[in-house]
Amino acid sequence: MMKIGVYLIVFGILMGTTIAELLLVGINISRTWLIISIIGLAGVKAVLIAVFFQHLKDEPKALSTLILLPLLGATAFLVISMTSVLL
Amino acid sequence: MSHELPPLWSIKRWLFSTNHKDIGVLYLVTSLYFFFAGGVLALLMRTQLFMAENVVLGAGAYNQAVTMHGLIMVLWFLSPFAFGFANYLVPIQIGAKDMAFPRINALSYWFYLVSGIMALSSFFFGSAPDGGWTLYAPLTSSTYSPAIGFNIAAMALLLFVGSITMGTINFIVTIFRMRAPGMKLKHMPMFTWSIFITVGMMLYAFPSLLAGILILLADRTLGTMFFSSIEGGSFLWDHIFWFFGHPEVYIVLFPTLGIICDIIPTFTRRPLYGKKFIVGAMIVAAIVSFIVWGHHMFITGMNPDIIKLFTVSTIAVSLPFDVIVIAVIESLVRSKIKLKAPALFALGAIALFVIGGITGVFNASVALDYHLRGTYWVVSHFHYIMVGTSLIGLMGGLYYWFPKITGRLYNEKIARLHFYISFIGINLLYFPMFALYDMPRRISTYSVESGWQSLNSLATIGAFVFGLAQLLLIYNLVSSMRNGASSGSDPWRGSSLEWATDSPPSAHNFHKMPTVSSSGEVKFVNYEAESDGVAETHLSYWPIIVAFAAFVFLFGVVTSWIILQFGVGLGIIGIYLYARENFVAKEPKSEKWPFEKVNNMKLGVWIFLASEIIFFSALLGAYIFVRANSASWPAPGEFLSLQHGAINTFILLTSSFTAIVALMFAKTNSRRGVVASLLLTLTLGIVFIINKMSEWFELFEHGFVFSSGLPASSYFLITGVHGGHVLIGLFIVIFLLLRTSGKKPVREHSAGIEYFGLYWHFVDIVWVFLFPLFYLI
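Heads up: the sequence lines are chains A and R, in that order. Numbering follows my numbering, in which position 44 of the first sequence is assigned residue number 44; successive positions increment by one, without gaps. Numbers in my numbering are just positions in the second sequence, counted from 1, shifted up by 1000.
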């Protein structure tokens, strides 16, 4: 269990990154960079929630592996299915 | 309720038992019933194909028979039959008293039973599914399969996946954390290893099927357009289905390989050759099985670069199986194997596996696959694996462990006769099909001029020979159970732990606790006295009631609003009383590496979340797939209101924070703090749902419904599924609020609050991705 201060900081970052996502939509950058930035920020938020709120940081590494395996499977599924179509 | 198990003849025992051995027997008996149901359908098909231009079954009836035969045999017979053994034997083989979650084990069985009944009942609602067991889109769309029976069968599949998920979590936790003191993973017998690897594959494969069926049902009932649109269509279904479908073949196969690897050392009286390599090969095959699905799609017009990748991965996945077969053969070389029935079945299964395996490698070649795909060649290859290997190996397991389960010996002569006739029948049935490599599969009849009649007639004779041989099995089992000679505890002089206890074992499996030394030697020491004096529970009313409620609910979804409401009511009562029940299942002193610090329940929640990752990934994958293939898509803010999405993001993130605060208050035993933060979490969750509903209603008012194109279809379906998860979370919060307002110190509820938090944060993480994918880009 961590101190309330840590949770508050994480909560603050989560709110801040959400605001950053909203601001990104309004600025003039290429669509590719917009997608990379916004999905990247979502990834950061997900990792923060998993590591601090779900306490993955304090759990055995085997548990993180258990979670990483389906993520790898999901990534393989997404990449292969997307690139399997001849456009 | 009494803690002791009622006698064997008591109906109460078979309805309410949570003991793993009773559940195992229930799985074995039920799956044999489905074996005969699926077998009758197969015989009907073979009768129809016996002669050219036969009229025993019409085309429609034939299509239903072929589809349901495949679904029943693969899903409701082969795997559950293996898991009958797994339920009975894995806890004993690892020296545990029971599974980690005995009630969930019972719940998993009852879900399995009612799902099977539901699937078979689809015949009586217009038409059972008739598009093949692969349920290829668009044959399964409401245009081509309009009968309500299809929806019922699809609901049955949802229930079945529920059963699988519960079983999977249970086995993984049990094997990781319930092993006898000193028993390392390397000491586990091969059967337990095979189940361990199998449930790992199930955990990551079945959620994809769940997502596919859910999308299919949405297409059929709500009008979404995933599989009926050109951007998704059959191609999308193929990806989702075969991501599940190819690992499923190994899910069916691996337990048999484990059984063979347990039987052979017992009957050769020497250790298995290369156990480490066999386990390693199984793990490699299990991992690679998730990147070979595309070889089922070679003729779909897929990107040639991806085809090359799948060709390589398909050839690669055959290599670990070579290792396994060579190791088994090496175990047999110069051995004086005792050819008792289990050994005969094991050898037969390996021989047929070689035929089935080699003929599969042909299909890794795109050029050959182009001609062989969709012909009886594939039917034959597939059945040599499914029937020749899996079923024959499992039969070997049945004879091997029959004395352990019943305490009696079977009739050896009849068992051998059963093997020989089955072996002849299988080859007579499937070998001619290789020569039918030019006959399309799934056709209900053929012309005289095709030249296929003689081979088909031979196959049909083989089918009846094989089918009738199974009557010998039933006769042998029933008569031996009544009149067989006493087997003693170890009739085969086996080396794994199940042979070191009574036949059948007592309620807790062992009279003394097995402990394993570093060299693998087993010693038995007295169990420590129960410090709390509370005995473990073996009976519960609620699993069967909850499963029945789920059955009624899903049946109601398809058929009647009143039945649905009854199912919801019964389900809420059942789940509440299930959760409130004082059921005692202890975490014994045991080997728990690598999860010494994560208790059973917490590990179970994490494993469930791992399966949820695949489930949501498959849903999001479908969304990204159709979006990437669409020529145009609404710009951010054009279709969905950014305001709704942003507000809900802030709400859900805040609710995650209040959930973690609730856990902090629970640890410090502050009841007011826990109640306040849980109430805040509940309120935020409710506001999220209200905001989501208002967004939906606004869209409805503007004419956007489920069927208004792919943007609307994907938005409504995926946010709907996520919203359902939020609702489930809110029910859990309400339950926690009720519990924490009781007299117990609130600190005692901190574990429950933590498990809820794990789930709630996961739901939050899913939304973290849904928000940008739907609203921002």
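Since the hints were made in silico from the structure, they are not lab data. All values reported here derive from a predicted model rather than from experimental measurement. Take the hints with a grain of salt, since some may be wrong.
[What the hints assert, rightly or not] Using 25 Å as the maximum straight-line C-alpha spacing, the simulated DSS-like pairs for lysine-lysine come out as follows:
| no. | chain 1 | residue 1 | chain 2 | residue 2 |
| --- | --- | --- | --- | --- |
| 1 | A | Lys57 | R | Lys1523 |
| 2 | R | Lys1602 | R | Lys1592 |
| 3 | A | Lys3 | R | Lys1589 |
| 4 | R | Lys1597 | R | Lys1692 |
| 5 | A | Lys3 | R | Lys1667 |
| 6 | A | Lys57 | R | Lys1667 |
| 7 | R | Lys1413 | R | Lys1340 |
| 8 | R | Lys1523 | A | Lys61 |
| 9 | R | Lys1523 | R | Lys1602 |
Each hint, compared with the structure:
no., hint, in the structure
1, A:Lys57 x R:Lys1523, "38 Å, violated"
2, R:Lys1602 x R:Lys1592, "13 Å, holds"
3, A:Lys3 x R:Lys1589, "32 Å, violated"
4, R:Lys1597 x R:Lys1692, "39 Å, violated"
5, A:Lys3 x R:Lys1667, "12 Å, holds"
6, A:Lys57 x R:Lys1667, "19 Å, holds"
7, R:Lys1413 x R:Lys1340, "9 Å, holds"
8, R:Lys1523 x A:Lys61, "32 Å, violated"
9, R:Lys1523 x R:Lys1602, "31 Å, violated"
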